[in-house]
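Undergrad: Chain by chain, the residues run as shown.
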Amino acid sequence: MNSREKILAAVAANQPDLVPLPDISPLNFSQDGLLEKLTSILTTTGSNVIPAANYQEIAEYINANYPEAKIVSPLAELESGRLTRYDTTNGIDFQDVELAIIKGHFAVAENGAIWVTEDHMLHRALPFITQHLIIVIEGKSIVPNMHEAYQTIGNSTYGFGTFISGPSKTADIEQSLVIGAHGARSLTVFLLP
Amino acid sequence: MSAVTNKDHAELAEDFNRDENRVDWHDETLWWIRQKRDRIVHQIPDWELLRETASQIKHNVLSNMHSYLQQFEANALANGVHVHWALNAQEHNQIIRQLLKDKQITHMVKSKSMLTEECGLNEYLAEHGIEVIDSDLGERIVQLAKEPPSHIVLPCIHKKKEEIGDLFHMYLGTPSNVADPQILTEAARQHLREIFLTRRAALTGVNFAVAETGEFVVCTNEGNADMGAHLADIHIASMGIEKLIPERKHLGVFLRLLTRSATGQPITTYSSHFRKPRDGKEIHIVLVDNGRSEQLGRPDFRNSLKCIRCGACMNTCPVYRRSGGHSYHTAVAGPIGSILAPNLDMEKYADLPFASTLCGSCSNVCPVKIDIHDQLYKWRQVLVKKGYAPTAKKIGMQLMAATLSSPALYHTAGKAGRAALRYIPFAINNKLNPWYKHRDMPQAPKQSFRDWYLKNNS
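Those sequence lines, one after another, are chains A and B.
Under this note's numbering, the residues of the first sequence are numbered 1 to 193, in order.
Under this note's numbering, the residues of the second sequence are numbered 1001 to 1458, in order.
In short, the hints are calculated from the structure, not lab data.
Among the hints, erroneous ones may be present.
What the hints assert, rightly or not - Dumping the calculated EDC-like pairs for lysine to aspartate or glutamate here, alpha-carbon to alpha-carbon at most 16 angstroms:
1) A:6 with B:1091
2) B:1160 with A:174
3) B:1281 with A:118
4) B:1161 with A:174
5) B:1281 with B:1233
6) A:6 with B:1233
7) B:1249 with A:148
8) B:1249 with A:118
9) B:1276 with A:118
10) B:1159 with A:36
Quick caveat, the model's predicted, so the values are computed rather than measured.
So that you can see chain B by itself, here it is in the shape it has in the complex (with noise of 0.2 angstroms):
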């Protein structure tokens, strides 16, 4: 489901702070998933070399990336794989519709795929009479909640137990007032082992894929995706084409990173290796591309592309953790979608890069070392360039501009500030001044710098 929107992240974060008691809970759960990743890279003696070398890898990708999706081509169609190419969201889509409906299948089971939340997949099928059931749980809880996804490896962390358990409640039949985690799991097990069981065509993401072989390799905790891909008669997985990594081992690389990094897990339960389709069933990968050609020509933000989904840099974000997933309004919220969003459509996503402290944390948890906040930082330039800049802002700019060139004007705003601040507070300490929105305003000294100085050294 992907977010529809007219509000921008200001005033999304804004609709989420109104629960005070709620932000500071999603604050701790976040930072406490932080500490867990904090705690298990120190076991690894050779992380940052690690680090370095995934971030070498992906260097080495991006820059041949033309002949590895040939070689990966080339290797899963020897291995029985069918491929298909997709320019962009909507041929995604269309590619997927055609599959199922050559084999009039109605009814898919899907494990979790930002991708296809990127291309609004569930959406478009529904519209085409395919019913979607998404198998994470935590994608199953705001598939039911009808939100989209407000992380991208804790789909419902912004959700409280209750809220989940009367979701079940009224979906699963499950009785009212349940919320213990362990009654609503093993409710949602039984409702999707029907789904598992019964669904021909399963979709799946993709974590990495090998150009060197061909197969591909998908990770999760609770089995789902192998549940669901195994028992079905065609499994189709969706694939940035940004997903590739070039040999076998290289995956040693990335599975120690990954899931220490996303939850400080040392990997997941499930790390599973397709490389061929089962006797009389079928495997169909479906490379997107979607924007990522573009962004690979562009020096300043193409190491986005290294990007492997672990979600470190939303859970250590200060601005993520106290404004909610949702109030980015993409697929892939945080740092990372910020730094992403603007390169599929700078004008309705100009606001995200400016929803950052440039703390520089999210870089720093970075497992791939992806320079983020220097990437929000040239984002905010491109975007004022291009004229995506908030009209208040520009006209704020324009004018301390103007103040800043002029040392008449510099002074005579500076002694009326300074009076303002002293006599009439309340013209300033009020809500038409943004700036008073989060701060205090400074207690007016006495005397400016000026003053003093024409004082003391005549």
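Just chain A, same shape as in the assembly (with noise of 0.2 angstroms):
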């Protein structure tokens, strides 16, 4: 037997009578709020929340603060803009990169993880390996918490996908909250009608 056939029969003959799974459901809750809610969470974590009313606004904002920086976005409604092109499959490109601004699916309004997968990313490295980070979602996209949000993604395809909170953080050195550690410095999130 190899390692694989020996783990498996062990588990079998040691695991308990089959236990049925429990139902979710009742874990779902009130949809009251939900834009006040996630606009709180964010900023109490760390994060900007400017509301927009299109790209246009979105692309003032970027030229009146970032005026210097190398944008990268795959973005199609800002391709008017100062985007840096970049043709490559290589992550380790985007190391210059100051600022990204990618798109999220939607919002969860109780911890403010905002979902987006790679197709949204141009490369998966690209909202960790920029010094700040855009995202932009839609205000009607906001769910109450993660069990609509798993029910919003579905059965849908995706070969990274990962939920953003905030900036990059940590507590290690005395549980002082450093923001800035490995990935992005800042979150701006931009809320569109």
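Grab the two chains, each in its own frame, and use the hints to assemble them into the complex.
TA: Structural data, given as structure tokens:
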């Protein structure tokens, strides 16, 4: 027997009698005040939240706040701006990106987590390797909690997907919160209608 | 780095207790985290239902692990992920070494994985000429200090910022006497960025693996697992077989519980779902047993396999907080470690189930409702029956059994004890009496209850 067979045999011999899965549907709740809840949690956990009417406003914000920055984004809506074109499949080539702008599928009101999949990232490394990150979401896409988040994700397929809930942070040195560990030093969330 | 020591928990705790100010500071820091946990937990109206649901899901996993493992394997393979099986720590380490050898890789970056600590991977690879750099800030700090982590979520919780400043001055070139967390974190960011950009192999742990889809989830606040995995050619994920959950939707339950229990945070900054490798890159999952299937076969102890490694039981434990993580001399310290470790080696870890007041606080905060303090109590019985109790305790128990079963002996002993306490207290109140160590001995009553009873009822 190889290790696989040995492990499976030991598990089969030792596991208890089958216990059914519980129903997780009672865990869903209130749809009230989602936008306020999301804004509040994102702000308290260190992100900027900015309501915007359209992509034009986002472009103006970027020009005003990142006048010199090297900016990378897969968003076609921002193409008329100052985006740097990247034609690469190598994540390391993104090491000098100062600002990345990506689109989120939806956000979770209870914890501020925004779901992003790799088809929205150009490269899996981009949201992490960039110095600063902007995620654009639509206000109507907010869900109350993680249960509805996974209902929304459903059976969709992705190679890589992640919930991002703020800037990279650590509290490993005497529990002092420091923003900007290895990933993006800031997260700005644009809320479109 | 696994802890190598011949001292038991009590002796190691005594070392830690020499610096009383540090004990107080350690105690207060962890209690502060426990309080943060309480505050955020009370904001979730269905918290208790959530805990119960998680516990039941895990129960289902334990009862169906055989088919979930095969389902996960089949789906992971279909996703283009390589799957390996390791019976024990040694095989786990060998598999990883071979994967690196095949690609001629001699330098690897690693994000947090307590399983690799359990397996002693870093030392093993070092012996074979492979350098491993830990990328979680806390783990990097203890790695520079040549120490094992002292806590599974907060690896350097026992270290003062000045000590970290000294380490960074010595190894990362920061100016001397700099202890500002902001400056030190920035220095670590620059140092580790260089590592992330140059390593061809990255290893991560696994928080949850989904049988239904073959994907796995890695949670970090720093983004270090992602920086490593996305920039490397080969991503190796080490996973204990108990980390499986049935369906993707169940992640919702566990991601709500994990960080709220761990640090009082609503969710980690990054909860990354790895399903398929990028084109031309590889993902390897190593499924590790290392005693888990055996624990599954122990009805009294199998619930310990429900653990999601949040560390809440450590933060609340009055013994952990005052004895420090290193006193547990095992990769997973604290209450949960004390019920997991005897499964691996009963003789070596026979002291750990006794390192508890059995107050039950660990079970109260556990997000998956593991009966930790009951298991600690049960382990004590198993260990004493198997003869692993310390000799002094064995002799003491035998003496006590003899005294309590003989009225004459009990009477004489009581009389002698009262007389000694009254006339020669130094014979009892001294260092040779282990009971006196942390307690004041009682005032001797003038008469025993028996004497009083005989006098008042005759």
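Undergrad: Would you mind marking each hint as holding or not holding in the structure?
TA: Hints and how they fare:
no., hint, verdict
1, A:6 with B:1091, "holds (13 angstroms)"
2, B:1160 with A:174, "holds (6 angstroms)"
3, B:1281 with A:118, "holds (15 angstroms)"
4, B:1161 with A:174, "holds (6 angstroms)"
5, B:1281 with B:1233, "holds (5 angstroms)"
6, A:6 with B:1233, "violated (31 angstroms)"
7, B:1249 with A:148, "holds (9 angstroms)"
8, B:1249 with A:118, "violated (20 angstroms)"
9, B:1276 with A:118, "holds (11 angstroms)"
10, B:1159 with A:36, "violated (39 angstroms)"
Of the numbered hints stated above, those contradicted by the structure are hints 6, 8, 10, listed in ascending order.
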